[in-house]
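Please model the entire structure based on the sequences and the hints provided.
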Amino acid sequence: MFKKKSDNLDLQHISEIDKVVHEPARMMIIAYLYVVESGDFVFLMRQTGLTKGNLSSHLSKLDKAGYVEIKKEFVEKIPRTLISLSSVGRKAFEEYQEKMKDILGKFG
Amino acid sequence: MAELKLKELEKKAYTTSHEDGIIDLMVGFILTLAGTMILTGQSAMIGMIWLFSLFIKPLKKKITFPRVGYVEFAKPQKEKISRMFIYFAISGIIVFFLVSSKFLSPDIGKFIIENFILIIGISLGGMALIVGRMTAVKRWYFYAILVLAIFVSELNNTLSFPYALLILGIVMFCTGAVLLIRFIKKYPIVKQDV
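Those protein sequence lines, which keep their order, are chains A and B.
The opening position of the first sequence corresponds to residue 1351 in my numbering, with each subsequent residue numbered one higher.
The opening position of the second sequence corresponds to residue 907 in my numbering, with each subsequent residue numbered one higher.
You can trust all of the hints, since none of them are fake.
Here are the in silico distance ranges between beta carbons for each label pair: (1) A:1364 with B:996: 52 to 58 Å; (2) A:1453 with B:1088: 41 to 47 Å; (3) A:1456 with B:1097: 46 to 52 Å; (4) A:1441 with B:1084: 40 to 46 Å; (5) B:1088 with A:1441: 39 to 45 Å; (6) A:1457 with B:980: 30 to 36 Å; (7) B:1032 with A:1448: 39 to 45 Å; (8) A:1364 with B:961: 53 to 59 Å.
Quick caveat, the hints were computed from the structure, so don't treat them as lab data.
Because the structure is a prediction, the values reported are computed rather than measured.
Glycine residues also receive a C-beta, built at the ideal position from the N, C-alpha and C atoms.
See below:
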């Protein structure tokens, strides 16, 4: 009935999950940025369905973690915020997918 | 499984930018204009009407991007589109050489000349099919079927070439207009003040 020591050790991987990526809204943002080269603020807002404030707050968290690159520019005098996934963010998302597959696989 | 879902996300991002119907509207307008020009005997100017396609990008900038945002697709998607245009160009060159080749047997040459309109129809239908396949925008399959149906009816002399262009153009123009109105209502302009 008792679990083996090795099983407990395996489940400890759950605590190693990247919490920046694991949050649903941020995961959506990262997933969209993963499949495109870059997108502006409106693109992410439309695709994820997040509000301006919500998206802005999650983007600053991702920016702080170094997962996204935010570039502000003017196109014909109109401001545009172009966001892309950094190489660190790309790697973090791939690692997250691997870890989640591994963990969920352990639950059968 | 994960890869499949990410591809779906890419597809969704791509199809959203084509919900505006601007390409349908412009292609429809060009075909309608071409049909009208042939009917009114102004065929000499027909080579110039492709210039209207230059309006697509500014219209996208003005209408689409402020509503659904601007997105740059990753290399595979760009390569896919470039490949699509290369296929078009190669098919065109092959058809041109087939028609103009002196090695062609007189019977085949005669067949091509006699059924030239049908060949144009099949080429246009094929192009619409490839566009549908590459962009995952399903209405292009409908256009492909419509093109084939219209140009096949040309075979029975029920419809002349300019009318075939007119019908196709009007259908595409109206579809584009309906899509554009729906798009503008669905996606109001979002100001980027972040």
